[in-house]
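**Student:** Line order of the protein sequences matches chains D and E.
The first sequence lines up with residues 6 to 331 when you count with the working numbering.
The second sequence lines up with residues 189 to 920 when you count with the working numbering.
Some clues are possibly wrong.
Stated by the list, open to error - In silico DSS-like cross-links for lysine-lysine, where the CA-CA straight-line distance does not exceed 27 Å:
id : chain 1 : residue 1 : chain 2 : residue 2
1  : D       : Lys247    : E       : Lys333
2  : E       : Lys758    : D       : Lys243
3  : D       : Lys8      : D       : Lys137
4  : E       : Lys579    : E       : Lys758
5  : E       : Lys602    : D       : Lys8
6  : D       : Lys247    : E       : Lys602
Calculated from the structure, these hints are not laboratory results.
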Amino acid sequence: MGKFLVRRLLNYVVLIFLATSFAYLLAAANLYPRGYFEQMQPPPTDEVINTQLDTLNLNDQTPLAQRYVTWLSGVAQGDFGQTIQGGDVTPQIWLKAGVTLRLITVATLLGSALGIAIGAYAAVRQYRMFDKAATVASFFVLAIPTVVIALSVQVFATGINEALGFQFFLFSGEYSAGFQGNGWELLLNRIHHAILPTFVLAVALFAAFARYQRNMMLDVLGADFVRTAMAKGLTRRKALFKHALRTALIPTITYFTFTFGVMVSGATFTEKIFGWHGMGAWLIDAIFQQDVHIVAAASCFMAVTIMLASFLSDILYAWLDPRVRV
Amino acid sequence: MSAQTIENTEATSERPGDETPVLEVRDLTVTFRGFNGNPDVNAVRGVSYSVRRGEVLGIVGESGSGKSVSSMAAMGLLPDHAVITGSVKLHGEEILGLDDREMATRRGKVISMVFQDPLSGLTPVYTVGDQLAEAVLVHNPKATKEEARERAVRLLDLVGIPNPEGRYRSFPHEFSGGMRQRVMIAMAMANDPDVIICDEPTTALDVTIQAQILDLLRTAREETGAAIVMITHDLGVVAGFVDRMLVMYAGRPVEMGTVDEIYYGSRMPYTMGLLGAVPRMDLERQGALVPIKGTPPSLTALPPGCPFAPRCPIAEPECSLAEPDLLPVGGQPSKAQIRAAQEAGTSGGAVAADTGVQRVACLRSGEIAENAWTAQDIYPIPEIPEVPAAKVRREDRAEMLRVESLIKHHPLTKGAVFKRRVGTVYAVDGIDFDIREGETLALVGESGCGKSTTLMEIMGLEKPQGGSVSVMGRETSKMSGSDRFALRRDMQIVFQDPMSSLDPRMPVFDIIAEPLRTHRYPEADTTARVYELLELVGLNVEHATRYPSEFSGGQRQRIGIARALALEPKLLVLDEPVSALDVSIQAGVVNLLEELQARLGLSYLFVAHDLSVVRHIADRVAVMYLGRIVEIGDTDSVYTRPAHPYTQALLSAIPIPDPEKERARTHIVLDGDLPSPANPPSGCRFRTRCQKFVTLSAPEQERCTSVEPALEATNGGDQATACHFAERQSVL
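Looking at chain E on its own, in the form it has when it is part of the complex (with noise of 0.2 Å):
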C-alpha cells in the first residue's frame, strides 16, 4: 500500500466527497488452496480498479479470467478456503478481513449484487415477495413486516413485473427467467446502494429478454445513482452499456480504458484478438474470424511472464521473463531493462492505482500505437475459400434436405391411472424449408421456439406426425429400417454440449472410429482415416489415445465435429456448436465450419440463439417465434432489410460489439415473454408483443387478432415474411 493510499484512508469522512470513489479495489489477489496435496489455484492475481458515483464500469474477460471472484471476495461471498490479500474499500472505508457480520451490514446496502443464473438464485421455498421484503428488512429492524411487504410491492411494479400485488405471493418456480432476473435486480435496488455489482446477468436469458434487462439496470442506476460494475464476456454489451472497462486475462487486468478507447485502439494483443474474434452483425462482409491460437493458461501453473505470451502472435523472447505490469501505453520498460532486472533478480512489481488513463499490460504497446497494428495486423488470418457450389444458381442446385409442414405436438396429460389429454404443446407447428448442396441455412429463435424439436424431427428419420421431411430427394416416412440406417452416413449431427456429448470413458479414437465401425468401415483402412479426420479439423495424431477429460471445450467440440465427419455425410446438422465456448475459441470453430464447407462441399443446417454467429456463417437464415417459421430468406436480405417485425424486434435487441454505432441506436424493446406453446395466440402468434400491432388501426388490429398470416414473399425475391403488414426496414 503506498503511502498515498494510507492518506486517502485517514482523510475519509462518514459522508465523502465527490472525489472518493465508490468502491475502489486495489491490489487484489484471490488463491485457492489445494487440499490433498493439489496445486494452488492463483485465480485473481492483481486487480485494481475504482468507480465513481453514476459510472458503470465494465469487466470483460473469458470463463477462468477471474473477473466473477474479484467481485465476489469485494463483496466477501467467497469460501472461508479463499485466501484473499490486498484492499477493497468502500467509500474510503477498508472492508477486505471485516467479519461476516460486519460484511453482512454492507452486502445488500451499500453494495449488491445481480447474478448470472435466475432460474437457481432465487430459494424455491419461499414466495418472491418474501424474499424481497426480507432484502428491505434485514437492513431495516425497525420497519414491520407490512412495510416491507409495501416496498417490495413497489420493487416490484419499479422492475415491471405485471400485478405485483398478486405476483408477491408467487413462488420462483411460477415465474420465467426473465421475470426472475427482474427479481433479483429488485432484490439488489431494494435498498438503494451506491455500488451494484453486475455478474453476467444476462448471459442465461434470450436476447429480448436481454433487451428488457439491460433497459432495467439502466432504469436501476438513474433510480438510485449507484455505480455499476458489469461483468460479462459479451463485448456487445460492454459496448453500448459501460463507461470504462477492464479486460481481464487469467486472473490478471491486461488492458483498462474508456471503451472507445480499447475498441477503437486497443494496444494489447489479446484483447485486440477478441474484438477481432467476435461475429459482427452489423457488417456485411467480415471475412474470417480472428482465431486465438491456444487455450487460456491453467490457473494452477501459470506460464513464466506474460500469461498470454503462449498465444501471442506477436510474443518476443522478453515476454517470458518478466510479467508486464499494467502501464500507459508506451510506457513498458524497454526489452533490454528487462535483461537487466532479470538477470539482477529483481522484479517490477509496482502497483499502479487506477488513474483513468488507458493502461495495457503489454511490452509491446508502445509499438502497437506507433505502427496503429490492428487484429488483422498481428494475427496470421486464415484463407477460406469459396464454396464450389455457390457459383451455380440456387435453383439448380441439389436438395439436400426438404421439410413440408412439418408438426410435433406434445400431448399434455394429466392423471396417473387414467391418464387423460388436457392440452397439447405446438412445439412445431407446421414449417416448411429446404436446404441445397452446399448451403447453410440458420434456424434461429428464441428458447422454446421449436428449433430444437425440430431438428431432433429431421434426425429421427421417422414418419411426422405431420407434413414431411425429404433428405436427398427420399421420404423419409416411405423408407424401410435398412434404408435408413444406410441414410445415416449422409446426414450426421453435432452437439451443443462438448463437455457430455462426447463419452468420458472412451479414448478419442474409439470416438471417433465408432461410426466408421458401425457402418461396416473396412477395418484396416480405419486408422488411417481417424487420423485424417484429426488432422482435418486441427487436432494432432497423437491426440487420438487420450479421454475427452483432456481436452477443452473447444478442442472438443472439434473431436464431435470430427466425429460427425467420419461417414463422410452430405448434410451436417449443428446444434447451437459454438454457444458454450468462450469467444476466442468459438471465432477458431466457426472458421473450421467454414473452411471445412468449402473443402468438403457440405450442407449446414445450423440451429443457434446467436444471431452474430447466424449472420457470419450463415447463407439463409429462417426465423422461428413459437413453432412458426414467421421469416426467411438470404441472410443480407433478412439482416438488411428484415420485414417481419418479431425479426426486426430480435435484430434491434442484439448488442453490436461497436460503441459509437451501439450509443446512436434505439432498441425494439419487446414486452413480456414467450407465450406458452400450449396455448398460443389467435391469429398471427406474435401479435401480444408485436410492436407494430399497437400502432394499427382496429380494423386492421382485428384482422392480426383472427386470421393467422401465412409466409409469402416480401421483395419478390427469396425473402418471405409472415405478417400482414410486413414492412422492410432496417434495424441496424
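This is chain D alone, in the form it adopts within the complex (with noise of 0.2 Å):
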C-alpha cells in the first residue's frame, strides 16, 4: 500500500510539473507585459521599458525557451519570480492561499457533508417527499451556474439587509475594513464576512454530491448485507447508517476528487463577486495586468490542491475499502 501511494505521488509531482509549465508557456507566449508599461503615463521610452522586463524576465525579445529556463530555475528554488509591479510572487501565494483555502475547505466538507446525508436519507425515502423535494432541489441548483448563485444570492442579502434595516448579511471583502478588536472579534467578524461566499460555493457541491450519493445508496439498500445485518439484530435505522452507507460512501470518495476541481474555478467567481483577495480574484486580476509570473503561480497552486485532494481520495480509498489494500 506505501508504495502505490509513494508511486501516485511521485505521479502527481510530474502532473503539478507539467501543468505549471504549461500555464507559464501559455502566459508568457500570450500575455502582452510591454504593454502594461507602454499605456503608463506618461509613456516611459523603449529603453526603459525593455530594462524593466529584462529585470521581470518578461521580455518578449529574449527567446521564450530562455525566459522559461531563467523562470524555471528560480521557482526550482521556491521563487515564482516578479510581479509587474516589481514584488515577489512567492510570499503573497501564501498570502492568497490561506484565503482561498480556507473558503474551500470550510466549503467541501459543509457541502459535501450536507450532500451525503441528503442524498443518502433521499434514497431510504425514495419517491416520498423528501426525496422529491431533495432532487428537484439539486437538480434546480446544478443547472445554475455559480457565478449566478452568488449574485442571486448577493442580490437577496441586500434585500434581506434593506428590510431589516441594518447590516444583517456582510458580503464585501473578508473582514470590515479597519477593524479593530481582539482575536475573537476579528474572528467573529471573520466569520460573518465568510457565511455568503461559503454558501454559495457549498450550495452547488451540495447538489452535485446529493445526486450522487442517493445513487450510490440505492444500490446497495436492498443488499443482502443490510438484511444480514438487521437480522443479526440491528434497527433498520442502525443497518442503514453502519452498514449501507458506509460501504455506499467509498464511490463517493473518488468522486470528491472531480468536484475539487470544480470548486476551485468556482471559487474564482466567487471570490471576485464577493471581494475576497483570494487565488482566484488574484488569477483574473493578474490576467489583465498581463501578469505572467502571476496567472503560473496560481496555475501552479491549482494544480497542487487538485493533486492533494486526489491524493487524499486515495488515502481515503484504501481506507474504506479493505479491498483494495492488497
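Dock chain one against chain two, each of which comes alone in its own frame, and use the hints as you go.
**Tutor:** This is the structure in C-alpha cells:
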C-alpha cells in the first residue's frame, strides 16, 4: 500500500510540473507585459521598458525558452519570480492561498457532508416527499452556474439587509475595513463575512454530492448484507447507517476528487463577486495586468490543490475499502 | 383468530412449557402494494405452521411460491410497503406489528436467519470477526469488546473455520463461499436462538460444501437446541434433514405432514408431480420424468379456485369454483356442497391450525388416497423412444468429438505498464475424452474444476494451447476460417441462463432464424423451418412474434434449444441447461432433450453440476477435479461402483429424495474447499481433501504426494480412474 501511494505521489509531482509549465508557457506566449508599461502615463521610453522587462524576465525579445529556463530555475529554488509591479510573487502565494483554502475547505466539508447526508436520506425515502424535494432542489442548483448563484445570493442578501434596516448579511471583503478588536471579535467578524461566499460554494457542491450519494445508496439499500445486519438484531436505521452508508461512501470518495476541480474554479467567481482577495481573484486581476508570473503561480497552486485532493481520496479509498488494500 | 388462540396468548408466561410452540404462524398473508397503478402482488395468502423446540420444519416450493417472503415477514425484514396480516407468535407472544426497535431485540436473539447467498450476505468493508462480534454485542450491551471478540473466535472455531484467531481479522472477500456461509451460520448461532430460519442455505454452494453446511446446521441444532425452519426447493435436502414439511404453491400451503407421509403418500397432485419430476440419482432406470405442464400462475392475477387447477391433470370443474382449504385427507367438502356454497355466495375460509396430521388442499385428496394413485397414475408420461444408434456397439459408432490432452492455462500477471507473469491458473490441464454418435457425455464437477473452460475451448474451434480437438474426425487446429464457419453448423450450444442468453430486443422468430440467415439458408424456407422448430421444442407458432421477456424460464430455454437445432447440428453442447429452472419445469426440458436425441440422433456434451440430472440423461460421465478428469466411464458403472475417492465423495454428498434411504445413509464429508487452480497440490491433486489418503500408510501417502496418477481402466470395461489406490465401491 505504501509503495502504491509513493508511486501515486510521484505521478502527481510530474503532473503538477507539467500543468504549471504549460500555464507559464501559455501565459508568457500570449500575455503582453510590454503593453502594461506602454500605456503608463507618461509613456516611458523603449529602453526603460526593455530594462524593466529584462529585470522582471518578461521581455518578449528574449526567446521564450530562455525565459522559461530562467523562470524554472527560480521556481526550483522556491522563487516564482516577480509581479509586474516588481514585488515578489512567492510570499503573496501563501497569503492568497490562505484565503482561498479557508473558503474552499469549509465549503467542501460543509457541502459534501450536507450532500451525502441529504442524498443518503433521500435514497432511504425514495419517491417520498423528502426525496422529491431534494431531487428538485439539487437539479435546480445544478442547472445554474456558480456566478448566477453568487449574484442572486447577493441580491437576496441586499434585500434582506434593506428590509431589516441593518447589515445582517455582509458580502463585501474578508473582514470589515479598519476593523479594531481583539482576536475573538476579529474571528467573529471574519466568520460573519465568510457566511455568504461559503454558502454559495457549498450549495453547488451539495447538489452534485446529493445526487451521487443518492444513487450509490440506492444500490446498497436492498443489498443482502443490510438484511444480514438486520437479522443480527440491528434496527433498520442502524443497519442502514453502519452497513449501507459505510459501503455506499466508498465511490463517493473518488467522486470528491473530480468535484474539487470544480470547486477551485467556482471559487474564482465567488471570490471576485464577494470581494475576497484570494487566489482566484488574484489570477483574474493578473490576466488583466498581463502578469505572467502570477498566472503561472496561481495555476501551480490550483494544480497542487487538485492533486492533493486526489491523493487524499486515494488514502481515504484505501482506508474505507479493504478490498483495495493488497 | 379463534377463541382458542386468545386463550393461548393469555396463558403464555415468560418461560413457556414444552407445549407452546417456539414459533407459531397463523393465517399469515403478505401483499406488496403495487405503485403507479400496478396490481398488488399477493405473495403469501394464508400460511399457518408451528415449530417446537428441536424440531425441523421444511418449507418446500418453487420460486415465487412465497416460502421466503413468509419467513422474512416473521423476522420483520420486509420493506414498509408490504402489508402483512395474520399472526406470528414467538413463545406465544405476538410479534407481528411490533415496531422495528422491538423486533430488533428479538432478531438474532430469539429468532435468527441464515440466507441463501453467502457471497453478498456479509458487509464487504468490515472484518468477518467484527461482524460476528457485532451480533454478540448488539444483544449484550454490557459485554466488553474483548468478551465479544472471544465469543466470536469461539464461534468461528465451532463452525469449523481453521485458525479462527487469525481469520477473525479477514475480510469477507478473503473467504470462499462455503466459509462465508459458515460465518453466516455462526452469526445465526451467536446468541443461542430458539428458532433458526434457513432460507435456501445451500443452494448457492457446491455439493461437497453443501454436505459440510448441512452437517454444520445439524451441529447448530444440537448445540443450541433450536427449532429450525428449513426453506428450500431441493427435495433431497428436505428428505434427510426435516421432520415435518409444508409444501407451498402460489403463496399458499397445499400440503403439510411428516416427511414420510408426504414422500410416500402425497395426496396433492402438485406435490406428487414435484416428487415425480426430480431426477433420481439412486434409481437405475427411472424412465421419463413427470412433467407438470404450464407454469405457476402470476401472483398478481390468480386463477379462480385452486391455483394449481390449470396445471392439474385431474382437475374437475369444481376445482375452479373455490380455493380448497388445507384439510385432513378426505376431509374436503363434497362437490355438491361446493356448488351449493358457490351459488349461495359463501366461502369456507376456515383457518385450520397446525394440528400435526397430514393435511392437503385438494378436493380429490380422499379419492387419491382411496385409489393410492401415484404421480405415474395421474400424469401423462411422455414416451421416449430408444436412441437408434444405441443398438450398435459404441466402438463401431462414428466419432463426433475427440479431445486429446487439451490444455488451457491462464497467465496471472502483475503490474500496470510492465506486465510480468507471476503465476499460472491451470484451468484445464490435459484432458481426454470422446463422444460417439447418439451418445451423451456429461462433464461434471464443482465450480472451478474447469468444465466450462473446456466447453469454451471446444466451441472456440481454435488451435488449443496444448493437445487437440477433433470434431467429426477433423482436427480444428488444421482448419481454415471458412471450414470453421461451415463446421459450426454441426455443433451448437445451449447456454445456462435462459434469461440473459437471448437478445431481449429480438422477437423469437428472428432469434431462431438468425443462424439460418447467417448460414445462407434459403430465405423462402426459413419461415417454415422456424415454425417447424417451434413445434419441435413444444412451443406454438403464434409465439414467433413475441419477445423473450414474455416467456417463462422453461419456455426461454426451449427457444434456446430451437435456435441451437436450427441448422440440424449433429453435436449439441449443453452448458448447465436446466440448472436455472425450477424442478417441475426442468423435468419438461430434460424430457425434451431426451426425446430430441432419440428423434434426431443427436450427440450431447452435457456440462452440469447436478449429478442427479446427469444420471438421468447421460450415457457416459467424466468427473473433473482441478482441471483433470479423475474418473470417466459409463454412467451406470460410475454411479453404482465409483472407484475414485472424489467421485465417491461427490455421489455420497448428494441427498436423495427418499427419507428412509436418506436417513440410513452416511455421507462422506470432505474437508475444506477446492484448492486454488493456480497452485494445485503436488502429485494427486485431490490428496489434500481425500478421505482415503488419511487411511493410507506413509509409503503409500508418499506415492500420492509425489506421483500424479494417470487414468487407468478399473473394471476392464469403459470405466477409468486416476487414483493409485482405486477401489470400486457403492456409496448410494
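**Student:** Determine for every hint whether it applies to the structure shown.
**Tutor:** Hints and how they fare:
A C-alpha spacing of about 17 Å is found between lysine 247(D) and lysine 333(E), which places the hinted pair at or below 27 Å, so the restraint holds. In summary, the hint linking lysine 758(E) to lysine 243(D) is not supported, as the alpha carbons are separated by about 59 Å, beyond the 27 Å threshold. Proximity of lysine 8(D) to lysine 137(D) is assessed by CA-CA distance (about 45 Å); at most 27 Å being required, the pair is judged violated. A C-alpha spacing of about 18 Å is found between lysine 579(E) and lysine 758(E), which places the hinted pair at or below 27 Å, so the restraint holds.
With a C-alpha separation of about 14 Å, the suggested pair lysine 602(E) and lysine 8(D) falls inside the 27 Å cut-off, and the hint holds. Taken as a hint, the lysine 247(D) and lysine 602(E) pair is broken in the structure, with Cα atoms around 34 Å apart against an allowance of 27 Å.
The structure is inconsistent with the numbered hints 2, 3, 6, although it conforms to all the rest.
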